[in-house]
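Those protein sequence lines, which keep their order, are chains A, B and C. Take the first sequence: its position 247, counting from 1, is numbered 247 in this note's numbering, and each next residue is one higher. Just remember that this note's numbering sits 317 ahead of the position in the second sequence, which is counted from 1. Just remember that this note's numbering sits 671 ahead of the position in the third sequence, which is counted from 1.
Keep in mind that the hints were calculated from the coordinates and are not lab data. Glycine included, C-beta positions come from ideal geometry on N, C-alpha and C. Possibly wrong hints are sitting among the right ones.
Simulated coverage check for chain A against chain B, where a stretch passes if three residues somewhere in it have a Cβ under 8 Å from a Cβ of chain B [claimed, not checked]: (1) 105 to 117; (2) 227 to 234; (3) 242 to 255.
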Amino acid sequence: MDFALLHDAFWGLTFDGIALGAIYALISLGYTLVYGVLRLINFAHSEVFMIGTFAALVAASGIMGVKVEDDPRTGVKMVLTLLVCLIAAMLASAITAVLVEIVAYRRLRQRGATKLATLISAIGVSISLVEAFRIMTHSLPREFPRIMDKTFLFSYAGADIRNDKVIVIIAAGIMMFALERFISKSRLGKGIRAVSMDENTATLMGVNINRVITVTFFAGGLMAGAAAFFYILVYENTSFKVGFFLGISAFTAAVLGGIGNLKGALFGGFALGLMETWSSAVFGTAWKAVISFIILVLVLLIKPTGLFGESIQQARV
Amino acid sequence: MADMKSRLNLRDRGAEYWERSPKWRRVALSIFFIALCYAIPFLNNPLINTPGSDFRSVLFYPVGMYVMMAIGLNIVVGKSGLLDLGYVAFFAIGAYTMAILGTKTSLNFWEILPIGVALAMLSGVLLGTPTLRLRGDYLAIVTLGFGEIVRIVAVNTDAIGGARGIAGIPTPPNFFKAKFTILDPKPYYWLLLTFTLLIIWMVRRMAARRPGRAWDAIRQDDDVAQLMGINTRRYKVWAFVLGAAVAGVGGVVYASQILSIVPDQFNLNVSILILACVVFGGIGNLWGVILGAVLLAFTPERIRFLSQPRILVFGMALVLMMNLRPDGILPKKKREHFDPDWHTVEESGEGEIK
Amino acid sequence: MSENVLELQNITMKFGGVTALNEVNLVVKKGEILALIGPNGAGKTTIFNVITGVYKPTSGDVVFQGASIVGKKRFQITKLGIARTFQNIRLFGESSALENVVTGADVHSKTGVVGSIFGTRQSRREEKAALEKALELLEFMGIKKRAGQLGKNLPYGDQRRLEIARALATDPKLLLLDEPAAGFNPAEKVALGETIKKIRDAGYTVLLIEHDMSLIMGISDRVAVLDFGTKIADGTTTEVQNDPRVIEAYLGAPADAS
Numbered sequence: 001m002d003f004a005l006l007h008d009a010f011w012g013l014t015f016d017g018i019a020l021g022a023i024y025a026l027i028s029l030g031y032t033l034v035y036g037v038l039r040l041i042n043f044a045h046s047e048v049f050m051i052g053t054f055a056a057l058v059a060a061s062g063i064m065g066v067k068v069e070d071d072p073r074t075g076v077k078m079v080l081t082l083l084v085c086l087i088a089a090m091l092a093s094a095i096t097a098v099l100v101e102i103v104a105y106r107r108l109r110q111r112g113a114t115k116l117a118t119l120i121s122a123i124g125v126s127i128s129l130v131e132a133f134r135i136m137t138h139s140l141p142r143e144f145p146r147i148m149d150k151t152f153l154f155s156y157a158g159a160d161i162r163n164d165k166v167i168v169i170i171a172a173g174i175m176m177f178a179l180e181r182f183i184s185k186s187r188l189g190k191g192i193r194a195v196s197m198d199e200n201t202a203t204l205m206g207v208n209i210n211r212v213i214t215v216t217f218f219a220g221g222l223m224a225g226a227a228a229f230f231y232i233l234v235y236e237n238t239s240f241k242v243g244f245f246l247g248i249s250a251f252t253a254a255v256l257g258g259i260g261n262l263k264g265a266l267f268g269g270f271a272l273g274l275m276e277t278w279s280s281a282v283f284g285t286a287w288k289a290v291i292s293f294i295i296l297v298l299v300l301l302i303k304p305t306g307l308f309g310e311s312i313q314q315a316r317v
Numbered sequence: 318m319a320d321m322k323s324r325l326n327l328r329d330r331g332a333e334y335w336e337r338s339p340k341w342r343r344v345a346l347s348i349f350f351i352a353l354c355y356a357i358p359f360l361n362n363p364l365i366n367t368p369g370s371d372f373r374s375v376l377f378y379p380v381g382m383y384v385m386m387a388i389g390l391n392i393v394v395g396k397s398g399l400l401d402l403g404y405v406a407f408f409a410i411g412a413y414t415m416a417i418l419g420t421k422t423s424l425n426f427w428e429i430l431p432i433g434v435a436l437a438m439l440s441g442v443l444l445g446t447p448t449l450r451l452r453g454d455y456l457a458i459v460t461l462g463f464g465e466i467v468r469i470v471a472v473n474t475d476a477i478g479g480a481r482g483i484a485g486i487p488t489p490p491n492f493f494k495a496k497f498t499i500l501d502p503k504p505y506y507w508l509l510l511t512f513t514l515l516i517i518w519m520v521r522r523m524a525a526r527r528p529g530r531a532w533d534a535i536r537q538d539d540d541v542a543q544l545m546g547i548n549t550r551r552y553k554v555w556a557f558v559l560g561a562a563v564a565g566v567g568g569v570v571y572a573s574q575i576l577s578i579v580p581d582q583f584n585l586n587v588s589i590l591i592l593a594c595v596v597f598g599g600i601g602n603l604w605g606v607i608l609g610a611v612l613l614a615f616t617p618e619r620i621r622f623l624s625q626p627r628i629l630v631f632g633m634a635l636v637l638m639m640n641l642r643p644d645g646i647l648p649k650k651k652r653e654h655f656d657p658d659w660h661t662v663e664e665s666g667e668g669e670i671k
Numbered sequence: 672m673s674e675n676v677l678e679l680q681n682i683t684m685k686f687g688g689v690t691a692l693n694e695v696n697l698v699v700k701k702g703e704i705l706a707l708i709g710p711n712g713a714g715k716t717t718i719f720n721v722i723t724g725v726y727k728p729t730s731g732d733v734v735f736q737g738a739s740i741v742g743k744k745r746f747q748i749t750k751l752g753i754a755r756t757f758q759n760i761r762l763f764g765e766s767s768a769l770e771n772v773v774t775g776a777d778v779h780s781k782t783g784v785v786g787s788i789f790g791t792r793q794s795r796r797e798e799k800a801a802l803e804k805a806l807e808l809l810e811f812m813g814i815k816k817r818a819g820q821l822g823k824n825l826p827y828g829d830q831r832r833l834e835i836a837r838a839l840a841t842d843p844k845l846l847l848l849d850e851p852a853a854g855f856n857p858a859e860k861v862a863l864g865e866t867i868k869k870i871r872d873a874g875y876t877v878l879l880i881e882h883d884m885s886l887i888m889g890i891s892d893r894v895a896v897l898d899f900g901t902k903i904a905d906g907t908t909t910e911v912q913n914d915p916r917v918i919e920a921y922l923g924a925p926a927d928a929s
C-alpha cells in the first residue's frame, strides 16, 4: 500500500479520475437508458462501445488518412480529424445499438419472453460481435494514431493538466448536457420518460413504443460512441476485448448511482473513475476492480437501489 | 392446431408415458439410460465423434462438466429465480482447493473433495447472506463482480501461483481397476457421471418436496412467499449454497484431471456459458438443462473443423435459438391433466365473472 | 369467547406526508367474524399490511395473542398464526392448485433442505401430512377437481377460493380475507358467505374486508368502519348500521340491510 503516492499526486490522480469517470459516465448512460425503458441489462452495450473504438480507428486511417507513424496534426486539420473520428464513432455505435435491439430484443419482447431469455439473446449478440472482431483483428490489439499533440496546458497543485483529457472532460460534459435536454425537452425524450414510468399507460397515451425504444438505443449508442472516441484518443489503442473491461466498470457505475437514473449514472461514472484511479495509486492497478466491487457491495447493502435510487420511474416490484 | 401441437409435444408425451409407467418399467428405463451414459466413451459413431479433439476428453470436459455445473446453476437460477452471473467463482474455489491441498499437503483427492465442497459452500454463504436481499439485476452485477474478484485475487496472489497458476496437481488414487491418468479420460468421465447422477437424484428429491415448493414460490412471488410463512432469505441462501456445492465438486474433479490450472480459465465467459446452457435448454426443467448443456458444450467441439468462427457461430446460434424458442428447447412442462379423471371434468364456467 | 386474538393499539401509518392510518384501535375476538368496511382508500388493506408485517407502523403496537408482533418478519408472523388473501389475487400461477395449498401447509413442517434430500422419516411424514391437508382443504373449498391445474389457469372464482385454501393451510389463528367476494355474482356471494361461516365454526377467527353490504350483514359478528384512515365506528351490525357517523361518512344514506 502506498498512501504517499496518493498524497503526493492527489490532484493529478483526481484529474485523471475525472477524465476516466467521464468515459464511464457516458457508457453507463446507455445502460441506464435501456434499463429505464426495458428493465433489462443491455449485455451487448459493451460491444456497442467496442465498435465505436474501431469506427474511430477506421475513420482516422481510412477517411482522414492518418497513419500511426505520422506526426500529430495541427490547426484546422486536427480539429476536422477529431470531429470526423468522433462522429464516425458515435454513428457506428448508435447504429450498432439499434441493430442490437432489433436482433436481440425486439422479437423476444413482442413475444413476452422472460427476462433471462432476453438476457441470453443479448449475450449471444455480445459473443458474436466480440468473436467477429477477434477474427477480423487476428486477436491483436490495434494502435490508434496520435491525432493531436498531447501537451500539458498548465500545472495546478502538482497536477499536470493534459490537453486531450481536458477536451474529453469538456466534450463529455456537453454530450451529457445535450442528452439531458433531449430527454427532458423533446417529444421523443418525453416518450422515453413516459415509457420508463409505465409502458402500458404510455401506449394508451399514443406513444409509439417501438420508436421510443429505437431512439433509446440510438441515444445510448451515441453516448457510448462518444465515450469510445474519447477512450481511444486518450489511451491510443483498442482491441476486441476493450468492451468487456470498460463495460463492467460502466455498468458498475450505473448500478452504483441507481440504474435507470440518469443523474445516478453520471455520478456513478465519475465516482467510479475517481475511486479506481485513487485506489490504484494506493493498492496497485491490479486491485482496482476489487476495490470498486467492494465499494459497490457496500453501497448496495446500505442503499439497495443505488445511491440515487431508480428514479426515471419508481421501482416496480 | 393446439391439438397438433400437443401431439407433437414429445416432452409432455414423454412425461405422460413416464407417469403412467409401472414401477418396474421406470426402473428398467432408468437402468438402461444410466448404462448407456456409462457406455458412451466406447461408442464410435461418426455422428457424435468430435474431429479435431479427443472424443473421450470432450465427454469429460466440456460436456460432462457443463452438464454438472448447469444442474447446479439451475438450482439457483431456474428454481429460485436468482440471477447469478459469477457461478464460475465456486468452480474456481473447488479447483483451487484441489490444486493447493493436492500440491502442498499429502491429502488425496477423496480427502480434498469434501474440503473443496465445504469451502465452496462457505463462500456461497458468505456471498449470499448479505447480497440475496438485493433485487434481481443488482444481484446479477454483484455476483458477476464476485466471479471476477475471485479470479483477480488468484491472479494477484503469488502464494497460490499468481497468473501462472498451479501445476502438478495429483490425480485421484486408483479406484479398484480404474486408473486415473492424464492419458485416459474415461475414468474421469465415469467419476463425473457418477457424481452427476447422485446430484440429479438429490435435486429431484428436493424439487418434489418442501424446498422445491419454497423455491417455486420465491421465484414466482417473493412477497407472497414470505406471507405464506416461507423464510425466503434462508431458502435463497440454501439455493446459493447448494449451487456452490455442485460447482465445488466440479472444480475439484476438474483440477484433478487437468493437472494444472491458471486463474484465467475461470473467467466470466464460463459463468455466462453455463447460464446459457440453463436458459438454452429450458430453464427450471432438469432434463432441458441437461440437454442444453450437452448441446452447448458439444456443438463447438463438433464443429471444431470450423476452427476460427466456431464461437461466432455459437453466439449467433444463441440469438437465433432465443428468438425462435425463448423458453428453451425443452421448457418446463406445464403439468396439467395428467390424471385421466380430470379430462372428464367439464369446464363449468362457474365463477367466471369479468 | 372474550379472549382477544388481535389488538391494534393506536396504529398510525404514514407514507411520506400522507397519513394512511391514524391512531387506529381495533380488537379482534377469538372465534368471531369481524368485517372491516370503509370507502376505497380508507386504509383497510393498509391495516392488513400492518398486521402481516408488510409495513412497519409509524407508531402504535400490534398485539397478537398477548405478544407484540411489530418488527417481526413476515414469515414469522405467518408461522405465529396469521394468514391472508389478497385483493388482487396473488397465487403462484405456475404451480398447480394443489402445490399452492401444500406450500401453505409447509409452514408446519420442520424438515429442512438436508432432511428433504435424504428423505428422512420426518420428511416423508410431513410431506404426506401436508399433502393430505391440502387435499382436504381443496375439498372443503369445493375445488378439489382443480387440484392438478395451474393456478393461473383456474377460473376466476376458483382462484379466489384457492387463495382461501392456501391461507387456511397455514392453520391460522387469525384469517385475513381481503375482498374475497370481489367479482362474484349474488349466488356465489351467498355460497362464499356460508363457507366463511363454516370456517368460523371450525374454530378460526376471521377479519374480513368487504364491500358487499348484504354479505357483511349476513355473516359478520361485528363490524368496524374505517374512513380516511380513522376508525369511526365499531360494533355489532345493528349498532353500526344505526350509527349516524357511519351513515353520513360512509354510506351517505341509510344502509340497506336486505
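To see whether the hints hold, each was checked on the structure:
no. : hint       : in the structure
1   : 105 to 117 : holds (count 8)
2   : 227 to 234 : violated (count 0)
3   : 242 to 255 : holds (count 5)
Comparing the model with each earlier hint shows a violation of hint 2 alone; every other hint is respected.
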